[in-house]
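Peer 1: Each protein sequence line maps, in turn, to chains A and B.
The letter at position 57 of the first sequence is residue 57 when you use full-length UniProt numbering, and the numbering goes up by one with no holes.
The letter at position 115 of the second sequence is residue 115 when you use full-length UniProt numbering, and the numbering goes up by one with no holes.
Quick caveat, the hints were computed from the structure, so don't treat them as lab data.
Accuracy of the hints is not assured; some may be wrong.
Stated by the list, open to error - Straight-line Cα separation of at most 27 Å, DSS-like style, residue types lysine-lysine; simulated pairs:
id	chain 1	residue 1	chain 2	residue 2
1	A	Lys77	A	Lys170
2	B	Lys92	A	Lys81
3	A	Lys81	B	Lys27
4	B	Lys60	A	Lys77
5	A	Lys170	A	Lys15
6	A	Lys188	A	Lys170
7	A	Lys15	B	Lys5
8	A	Lys77	B	Lys92
9	A	Lys33	B	Lys185
10	B	Lys5	B	Lys92
11	A	Lys170	A	Lys81
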Amino acid sequence: MSSCSWRVRTCLNWKGIDYEYCPVNVLEGSQNKEEYSEINPYKFVPTLKIDGVILNQSVAILEYLEETRPEKSLLPKDPYKRALVRSLVQAIAGDIQPLQNLRPLQYIESTGGNKTEWAVYCITHGFEGVEKQLAKASGKYCVGNEVTLADLCLLPQVYNANWFGIDMAKYPLIQRIANDLSELDAFKKAHPQNQIDCPDKEKNKNLRAFI
Amino acid sequence: MSSEKPILHSYFRSSCSWRVRTCLNWKEIDYEYCPVNLLERAQKKEEYSETNPKVVPALKTDGILLSQSVAILEYLEETQPEKPLLPKDPYKRALVRSIVQAIASDIQPLIQPLHYIKSLQYLESIGGNKNEYIIYCITHGFEGIERQLANTSGKYCVGDEVTLADVCLLPQVYDTNRFGIDMTKFPLIQRITNDLSELDAFKKGHPQNQIDCPAEEKNKIS
Numbered sequence: 001m002s003s004c005s006w007r008v009r010t011c012l013n014w015k016g017i018d019y020e021y022c023p024v025n026v027l028e029g030s031q032n033k034e035e036y037s038e039i040n041p042y043k044f045v046p047t048l049k050i051d052g053v054i055l056n057q058s059v060a061i062l063e064y065l066e067e068t069r070p071e072k073s074l075l076p077k078d079p080y081k082r083a084l085v086r087s088l089v090q091a092i093a094g095d096i097q098p099l100q101n102l103r104p105l106q107y108i109e110s111t112g113g114n115k116t117e118w119a120v121y122c123i124t125h126g127f128e129g130v131e132k133q134l135a136k137a138s139g140k141y142c143v144g145n146e147v148t149l150a151d152l153c154l155l156p157q158v159y160n161a162n163w164f165g166i167d168m169a170k171y172p173l174i175q176r177i178a179n180d181l182s183e184l185d186a187f188k189k190a191h192p193q194n195q196i197d198c199p200d201k202e203k204n205k206n207l208r209a210f211i
Numbered sequence: 001m002s003s004e005k006p007i008l009h010s011y012f013r014s015s016c017s018w019r020v021r022t023c024l025n026w027k028e029i030d031y032e033y034c035p036v037n038l039l040e041r042a043q044k045k046e047e048y049s050e051t052n053p054k055v056v057p058a059l060k061t062d063g064i065l066l067s068q069s070v071a072i073l074e075y076l077e078e079t080q081p082e083k084p085l086l087p088k089d090p091y092k093r094a095l096v097r098s099i100v101q102a103i104a105s106d107i108q109p110l111i112q113p114l115h116y117i118k119s120l121q122y123l124e125s126i127g128g129n130k131n132e133y134i135i136y137c138i139t140h141g142f143e144g145i146e147r148q149l150a151n152t153s154g155k156y157c158v159g160d161e162v163t164l165a166d167v168c169l170l171p172q173v174y175d176t177n178r179f180g181i182d183m184t185k186f187p188l189i190q191r192i193t194n195d196l197s198e199l200d201a202f203k204k205g206h207p208q209n210q211i212d213c214p215a216e217e218k219n220k221i222s
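Isolated chain A, as found in the complex:
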């Protein structure tokens, strides 16, 4: 269910890189165990072992894959368009996802707060900014007409928004692009419901609630 992991799965699929999936149950706190922090000091998922090295932080992993496997590229060649892609990546991966990640939500809950209310505030605030950026940058996808790293970050965040019951009709560009992305094989194959650690009861839910 980790949106950060989904980004990396999509990238690996997009570039045709076969990989072994090693589940980490974050709801049960497996990421907090000492042996996991030895491979990921931040105790987050995803972690990617590749080329004899271990990588953490999804955005760093995406950039590494882009640099070492440039075929089926996910960044434009033009530096300005690359900056537009990265700006959207940060708007999602920096300014939305970490604020409604498991850890802050657990903290909010522990203080008696409503974690759904918190997550809805964070995502809504962030999507307002993303929708404005897309008004200038988007074509068929987030930046122009080719799939980029921005799209890899967008779809999982929309999945989270649906999870929290956010009214996506307020974000027509995000909604349209996410709908189109969800039809692409690399994104579908990476969907949480298609992973080996997805519980059966989750597989039957219709979380593709794009209105």
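Given chain A's structure and the hints, the job is docking chain B onto it.
Peer 2: Here is chain B on its own, set in the frame of chain A:
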């Protein structure tokens, strides 16, 4: 880069703005500093435009306007590769970006003022303690970075050359000083930031050296 001087929309205290100031200084790119007081701007409900961007930092350069500090840093690195701030080796680049993200995504956004003012109001409304939340976020973030630095650091965050990781680290440590975090728990972060604070590009980018830093702030010990 075009012959026109870049314009940086910046707030003296913004750690994200300090990152970009350091990068411009490091690469010896002369720029025009355009101060933005975000809190005043939000209160006045000003109209945002290309010459009055909503967020800082925003960099007008090469005829375009860029936002999001990490995107700006990568753009400057790609278009002005002299005095690089990323290693050549892809794995080391990934290590640098990992620390950049640990700071720019996993710490700073959780405590950045325009977000946390509202979120802290919410926290307080439900009986939470805002300082406790901020310290929780920062401490957890710094613990991860300290563990990472144990594997990657030399003189600086990744090896012995200054990189984008260092550019992000010093402003973050400075920004969190005001919350009274016990930095002795993070000796590598402390040692590296002490060394970085002696470098000209970082000093010149320091909040107290910006034209919009109020006089009473300049006298405070950082």
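Peer 1: Is A/Lys33 within 27 Å of B/Lys185, Cα to Cα?
Peer 2: Holds, at roughly 20 Å.
Peer 1: With the threshold set at 27 Å, check whether the alpha-carbon distance from A/Lys188 to A/Lys170 stays at or below it.
Peer 2: 24 Å, holds
Peer 1: Can the restraint linking A/Lys77 and B/Lys92 be considered satisfied, given a maximum Cα separation of 27 Å?
Peer 2: Status holds; Cα separation ~22 Å.
Peer 1: Next pair to validate is B/Lys92 with A/Lys81; report whether the Cα-Cα distance is within 27 Å.
Peer 2: Measuring from Cα to Cα gives roughly 24 Å; hence the hint holds.
Peer 1: Do the alpha carbons of B/Lys5 and B/Lys92 lie within 27 Å of each other, as the hint requires?
Peer 2: 32 Å, violated
Peer 1: Starting from A/Lys81, check that the Cα of B/Lys27 is at most 27 Å away, please.
Peer 2: 22 Å, holds
Peer 1: If you draw a straight line from the CA of A/Lys77 to the CA of A/Lys170, is it 27 Å or shorter?
Peer 2: 32 Å, violated
Peer 1: Can you confirm whether the C-alpha distance between A/Lys15 and B/Lys5 stays at or below 27 Å?
Peer 2: 39 Å, violated
Peer 1: Going straight from one Cα to the other, do B/Lys60 and A/Lys77 come out at no more than 27 Å?
Peer 2: Within the cut-off at roughly 20 Å; holds.
Peer 1: Next pair to validate is A/Lys170 with A/Lys81; report whether the Cα-Cα distance is within 27 Å.
Peer 2: OK: A/Lys170 and A/Lys81 at ~26 Å, within 27 Å.
Peer 1: Has the given pair, A/Lys170 with A/Lys15, been kept, meaning a C-alpha gap of at most 27 Å?
Peer 2: Not satisfied, since the Cα-Cα distance of roughly 33 Å exceeds 27 Å.
Hints 1, 5, 7, 10 from the list above are not met by this structure, while the remaining hints are.
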